[in-house]
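Participant: Single-letter residue listing:
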Amino acid sequence: MLVLTRKPGQKLLIGDDITITVLEVKGDLVKIGIEAPREIPVHRFEVYEAIEKENQAAAQVKKDILSSLPGVDKND
Amino acid sequence: MTKAENTKDIKIKMEKGLLGFEHIHDYTLKPIRGNPFFFWLESTEGPGFLLTKPAFFFEEYVLHTDKESLSDLEPSGREIQVYTIVTVPENTMDMTANLLAPLFINEDKGLARQVVLHDTPYTTRHYLFPPEKRRDCG
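Respectively, the protein sequence lines represent chains A and B. Counted from 1, the first sequence has number 44 at position 44 by the numbering used here; the numbering is strictly sequential. Counted from 1, the second sequence has number 1036 at position 36 by the numbering used here; the numbering is strictly sequential.
Among the clues, some could well be false.
[Said to hold, decoys possible] Below, computed lysine-lysine pairings styled on DSBU-like, alpha-carbon distance capped at 30 Å: (1) B:1109 to A:53; (2) B:1011 to A:26; (3) B:1109 to B:1053; (4) A:62 to B:1016; (5) B:1008 to B:1030; (6) A:63 to B:1011; (7) B:1053 to B:1013.
Since the hints were made in silico from the structure, they are not lab data.
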């Protein structure tokens, strides 16, 4: 991992078009500004992880479920 | 079924894949016969997903997305449809919807992407049938 030290107001450039700015450091919180093209998704890592995990949980569903879903009265 | 919407299979290209399934790009969105509330999203390469539309179960669901950020889905006149992935645990009635990362599908063009909402109160798990609203059916 590349490790760089920055002060509030200082920036980093990743590639040609992603700029990371350290906006504020307050106690153990760091406020970061990110400028990136719209097609580059930016997520808090734990949010990304949670969604990945949920997708994997959702993928466990068996197709059999389709015949027993709520919303259909099978007894008619 | 009274409404004639979405009654046939639709081939879906998901260029970025679903998070955790980035390698899978080709899906088929299938309606479920006799049940207009759910849909089946199938990939030829592996997993299938149960989908619903948030509007069916979460009337107050509000999304703030600007058209610009959906440009890869090539929105034209017709609105892009919002779906949500359903997780089904052992007890089917405990099924939950991922409202944090809905699926935006351009049904006309067969393009889709999972969108992660920013600054939202929603999470990956919302009961479709909240326990406090369930009646004991015996």
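Participant: Would you mind marking each hint as holding or not holding in the structure?
Facilitator: Quick rundown of the hints versus the structure:
1. Note on residue 1109 of chain B and residue 53 of chain A: the hinted pairing holds, with a Cα-Cα distance of about 29 Å set against a maximum of 30 Å.
2. As the CA atoms of residue 1011 of chain B and residue 26 of chain A are separated by approximately 49 Å, the hinted pair breaks the 30 Å bound.
3. Distance hint between residue 1109 of chain B and residue 1053 of chain B is fulfilled; the C-alpha atoms sit about 19 Å from each other, no more than 30 Å.
4. Between residue 62 of chain A and residue 1016 of chain B the CA atoms are separated by roughly 24 Å; this keeps the pair inside 30 Å, and the hint holds.
5. As the CA atoms of residue 1008 of chain B and residue 1030 of chain B are separated by approximately 7 Å, the hinted pair is consistent with the 30 Å bound.
6. For the given pair, residue 63 of chain A sits about 18 Å from residue 1011 of chain B by alpha-carbon distance, which is consistent with the 30 Å threshold.
7. This hinted pair checks out: residue 1053 of chain B and residue 1013 of chain B have alpha carbons roughly 19 Å apart, not beyond 30 Å.
When each numbered hint is compared with the structure, a violation occurs for hint 2 only.
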